[in-house]
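Mind docking chain B on chain A? Use the hints.
Listed in order, the protein sequences are those of chains A and B.
The working numbering puts the first residue of the first sequence at 1, with every later residue one more than the last.
The working numbering puts the first residue of the second sequence at 1, with every later residue one more than the last.
Just so you know, these hints were derived from the structure itself, not from any lab.
Don't be surprised by glycine CBs; every beta carbon is placed ideally from N, CA and C.
You can take every hint at face value.
Which chain B residues face chain A? A few, computed with CB under 7 angstroms, are given here:
id, residue
1, 351
2, 423
3, 452
4, 458
There are 2 protein chains.
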Amino acid sequence: MSLANQQKASSLSNICTSCSCSPLSILLSHYFVKMSNKNGVEWSIRVGDGSSMVLEPEHKNGVMRLWDRLKGLVVGFVMRVCMFIKKAWALGVDDPRKFFHCLKVGVALMVVSLFYYMRPLYDGVGGNAMWAVMTVVVVFEYTVGGTLYKCLNRICATFLAGFLALGIHWIASHASHQFEPYIMGISLFILASATTFSRFIPTVKARFDYGCTIFILTYSLVSVSGYRVDHLLSMTHTRVSTIIIGTCLCIITSMLVFPVWAGLELHLLVPRNMNKLAKSLECCVADYFGRGDEESKKTLQGYKCVLNSKSSEESMANFARWEPAHGRFNFRHPWKNYLKIGASSRSCAYCIETLTSCLDSKNQVPESIKKHLELACMNLGSTSSNVIRELATSVTTMTRSVKINAAVNDMKNAVLELQDDLKSLSDLLIQPHDHKENNEQVSSEMPVMPLLEVMPLVSFASLLIESASRIEENMVKAVEELAESAQFKQPEDEVKLKHNQATNKIVSDEENVIALQRV
Amino acid sequence: MSLANQQKASSLSNICTSCSCSPLSILLSHYFVKMSNKNGVEWSIRVGDGSSMVLEPEHKNGVMRLWDRLKGLVVGFVMRVCMFIKKAWALGVDDPRKFFHCLKVGVALMVVSLFYYMRPLYDGVGGNAMWAVMTVVVVFEYTVGGTLYKCLNRICATFLAGFLALGIHWIASHASHQFEPYIMGISLFILASATTFSRFIPTVKARFDYGCTIFILTYSLVSVSGYRVDHLLSMTHTRVSTIIIGTCLCIITSMLVFPVWAGLELHLLVPRNMNKLAKSLECCVADYFGRGDEESKKTLQGYKCVLNSKSSEESMANFARWEPAHGRFNFRHPWKNYLKIGASSRSCAYCIETLTSCLDSKNQVPESIKKHLELACMNLGSTSSNVIRELATSVTTMTRSVKINAAVNDMKNAVLELQDDLKSLSDLLIQPHDHKENNEQVSSEMPVMPLLEVMPLVSFASLLIESASRIEENMVKAVEELAESAQFKQPEDEVKLKHNQATNKIVSDEENVIALQRV
Numbered sequence: 001m002s003l004a005n006q007q008k009a010s011s012l013s014n015i016c017t018s019c020s021c022s023p024l025s026i027l028l029s030h031y032f033v034k035m036s037n038k039n040g041v042e043w044s045i046r047v048g049d050g051s052s053m054v055l056e057p058e059h060k061n062g063v064m065r066l067w068d069r070l071k072g073l074v075v076g077f078v079m080r081v082c083m084f085i086k087k088a089w090a091l092g093v094d095d096p097r098k099f100f101h102c103l104k105v106g107v108a109l110m111v112v113s114l115f116y117y118m119r120p121l122y123d124g125v126g127g128n129a130m131w132a133v134m135t136v137v138v139v140f141e142y143t144v145g146g147t148l149y150k151c152l153n154r155i156c157a158t159f160l161a162g163f164l165a166l167g168i169h170w171i172a173s174h175a176s177h178q179f180e181p182y183i184m185g186i187s188l189f190i191l192a193s194a195t196t197f198s199r200f201i202p203t204v205k206a207r208f209d210y211g212c213t214i215f216i217l218t219y220s221l222v223s224v225s226g227y228r229v230d231h232l233l234s235m236t237h238t239r240v241s242t243i244i245i246g247t248c249l250c251i252i253t254s255m256l257v258f259p260v261w262a263g264l265e266l267h268l269l270v271p272r273n274m275n276k277l278a279k280s281l282e283c284c285v286a287d288y289f290g291r292g293d294e295e296s297k298k299t300l301q302g303y304k305c306v307l308n309s310k311s312s313e314e315s316m317a318n319f320a321r322w323e324p325a326h327g328r329f330n331f332r333h334p335w336k337n338y339l340k341i342g343a344s345s346r347s348c349a350y351c352i353e354t355l356t357s358c359l360d361s362k363n364q365v366p367e368s369i370k371k372h373l374e375l376a377c378m379n380l381g382s383t384s385s386n387v388i389r390e391l392a393t394s395v396t397t398m399t400r401s402v403k404i405n406a407a408v409n410d411m412k413n414a415v416l417e418l419q420d421d422l423k424s425l426s427d428l429l430i431q432p433h434d435h436k437e438n439n440e441q442v443s444s445e446m447p448v449m450p451l452l453e454v455m456p457l458v459s460f461a462s463l464l465i466e467s468a469s470r471i472e473e474n475m476v477k478a479v480e481e482l483a484e485s486a487q488f489k490q491p492e493d494e495v496k497l498k499h500n501q502a503t504n505k506i507v508s509d510e511e512n513v514i515a516l517q518r519v
Numbered sequence: 001m002s003l004a005n006q007q008k009a010s011s012l013s014n015i016c017t018s019c020s021c022s023p024l025s026i027l028l029s030h031y032f033v034k035m036s037n038k039n040g041v042e043w044s045i046r047v048g049d050g051s052s053m054v055l056e057p058e059h060k061n062g063v064m065r066l067w068d069r070l071k072g073l074v075v076g077f078v079m080r081v082c083m084f085i086k087k088a089w090a091l092g093v094d095d096p097r098k099f100f101h102c103l104k105v106g107v108a109l110m111v112v113s114l115f116y117y118m119r120p121l122y123d124g125v126g127g128n129a130m131w132a133v134m135t136v137v138v139v140f141e142y143t144v145g146g147t148l149y150k151c152l153n154r155i156c157a158t159f160l161a162g163f164l165a166l167g168i169h170w171i172a173s174h175a176s177h178q179f180e181p182y183i184m185g186i187s188l189f190i191l192a193s194a195t196t197f198s199r200f201i202p203t204v205k206a207r208f209d210y211g212c213t214i215f216i217l218t219y220s221l222v223s224v225s226g227y228r229v230d231h232l233l234s235m236t237h238t239r240v241s242t243i244i245i246g247t248c249l250c251i252i253t254s255m256l257v258f259p260v261w262a263g264l265e266l267h268l269l270v271p272r273n274m275n276k277l278a279k280s281l282e283c284c285v286a287d288y289f290g291r292g293d294e295e296s297k298k299t300l301q302g303y304k305c306v307l308n309s310k311s312s313e314e315s316m317a318n319f320a321r322w323e324p325a326h327g328r329f330n331f332r333h334p335w336k337n338y339l340k341i342g343a344s345s346r347s348c349a350y351c352i353e354t355l356t357s358c359l360d361s362k363n364q365v366p367e368s369i370k371k372h373l374e375l376a377c378m379n380l381g382s383t384s385s386n387v388i389r390e391l392a393t394s395v396t397t398m399t400r401s402v403k404i405n406a407a408v409n410d411m412k413n414a415v416l417e418l419q420d421d422l423k424s425l426s427d428l429l430i431q432p433h434d435h436k437e438n439n440e441q442v443s444s445e446m447p448v449m450p451l452l453e454v455m456p457l458v459s460f461a462s463l464l465i466e467s468a469s470r471i472e473e474n475m476v477k478a479v480e481e482l483a484e485s486a487q488f489k490q491p492e493d494e495v496k497l498k499h500n501q502a503t504n505k506i507v508s509d510e511e512n513v514i515a516l517q518r519v
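Just chain A, with the same shape it has in the complex:
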């Protein structure tokens, strides 16, 4: 770098101290950018505020140019690594359980490698401790359900395949020695093909995919080595015992040290999505009537999370099925019902997605006409959101909502109100036509215009009504079903009320008895 450029760079560092950004962000935001122009390569420094300073190209000899280029490459690489680490760090800070998970994996691996480091343990299990290490690496998943799914699949498949291989090996060894490899080979071919095919079947894929892999693996390993290794039984025994050691270690670590339950995750994800949907709906209506700000434009995008959450919901429900009772959930908690609620949320999100297209539609309705429906639309938006929020709270707290009926009624009334306003909108639109006789200048096209003019508004209103009906018909019902099958608690108020009624009855009964005695 020439003196002139060094001066530029030092003035740059002055700028940076004045704008008080952190050293890392200076490093990241003021990096060297290579630009190629007609005269060759040119270096510029991008400053934090987006502007960039060009370092004039100089006439250098080849070695210097190579050195500069190399330096640029190294700096670029360091920058990219820094950015990557920064991103990764933000990911972990956002959800510290991810850090804990990594530490858990590290700890589990350390513990299992103790089998190697400690001589007495090593002598017990022998050189097959490798299988325990492998099991830990392959089986440890983020959620308890995922770990259990893999562990149980692994154990069952290993047992099944092991016994089958031993059985067929026994049969083959009793046949002529000549036929042994053929019997083993053909059985391997048939079993591997059949098991691979079964993985295409959706239910098998969802529950036993990993088990199928392990089944083929174990069968081929045992049958193939059975042809050579003489101490087959002892080999099978050590393999099974080391796998059990590995899986037990995984299950214990994942269940006892900061456990992440797939069921709980699903239980929290579904109402979180519902709340996002409610906010989106409100922001959408507010935006349409020009009452949104920058913040609401961001919140509006929440419905996209709902649209894209299908696969993660399904995998969580799949894993949750394997989890034992934990917290407020039984072993047979109706996880499928959460998927139904998710589907109903999505059906509502489709409506909102279509609604948002009204926001940036080309032919906007005049403000004066919009004004007419604003109150009713805003009301319907907020009552619909209320219903969704109420349902989300009901799911989160696993309590039947006291207010849900009132909220649904409010929503229905808001729909009626909006329909009334639409009726009176017709009145408003017809009026100019009414005055036709008085004012002959009004063109004869006047009554024709309104319908096309208000069409976007009408379709906005009808989409709002449609989303309200979807909330009522799909979402409320889905939550109702979940409440039924998961036996949600009665709300405390209702319990108190019942208790009071019962007490009153006893008191009144006692009074009656006293009164009777008096009589």
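Just chain B now, kept in the frame of chain A:
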């Protein structure tokens, strides 16, 4: 079973021969159903047409009852297995490549187990042939891209982890023998945690998830056994060589024997979904105007495939990235653009999903008013479908469409036509109001009704217009981008035209020259 029941059962078989159903379907449809009533357990036979015959309960001794129950269980189990096999068979018949895949896996496993069966090969690679078997089982995927992704990840991760483990082992062995386990343990802990964490980062997850697992696995196996096994280098060597044998076998089998290319699958899936969308849109409009039949109701559901295909499209694009040039696709074919087309199809499918809710809406518009827009709506539906089909054909054939501009113009004209009809609809609705002065009996509410009455129709029309605008703005542009980056062929007609023009020019040039010479 008593004599009476046996007679019933035999009469049943008579029924079955009369209705000429296949033996398997008899087995499946006339199965025994256990029903519990107050008096105990009762058996009924479900007949093919849905009705069922009850076998009267009899007083049996315990052993007989147990026998019956056992028989029922066995029959039930056999039924379920039959159903399962039937389903699986249908799955395979539907796409025979699934059968081929299973055979390929079987063949690959057979070949790799030859290393064990044949003594010379066995002596070459030694007992570590197990790793080759394991590699084949774990790495073989349905698509070439999936197999390549796993193979390359496995090889690279094994090399990287192996060298790292050897290096750290070398450093540790030069330190005091006392520190060796600590150095190895701590390095294992740090690397395993860091690698596990990196799997949470979306880009790493998408491309190197399997590699991360293998990296941890190899590092822990080498470092842990390095502490014990003395011939570490030879062990690493055999492991790497067996893994290379396994991966090569997998790659060769999956690429040469009936290959299933993820790229080609994606290339076919996207236009197939577009065609489904086009059919859905047409059926939806036809259904709304009462022109649909049973068949069209089924076809209408096609848009749901589009809504649910996001994750499969993404995984295919992920795998396709690893595939070498094949067929008409280069190594760096722009697979990402297919995802964009998929996203645009989905945005259109959201519209159709909302449209379908108009079909079973409660407040239907009177047929007379519907009639007014029918032609324009049907026209818009069919022109929109045409545009989608044209785009799908363009993607499938990788040729720029000649007709696409005309098709888009047709669609635009259809939108204008529909808007005109909506204008004249206003006229139609206002008419009763016009006659108010002439006919005083007409209630004053008359002009108020129309807007609410036609609201579903108006919103249906506006959703159709919206879907047309999404097709134009998203889908056409996305296909255009793909055509640009994948360098789609010019259509033959245009090439011919250009050729003709060029020939004409040459001819006319020659004529000019001749003319000049004459002059």
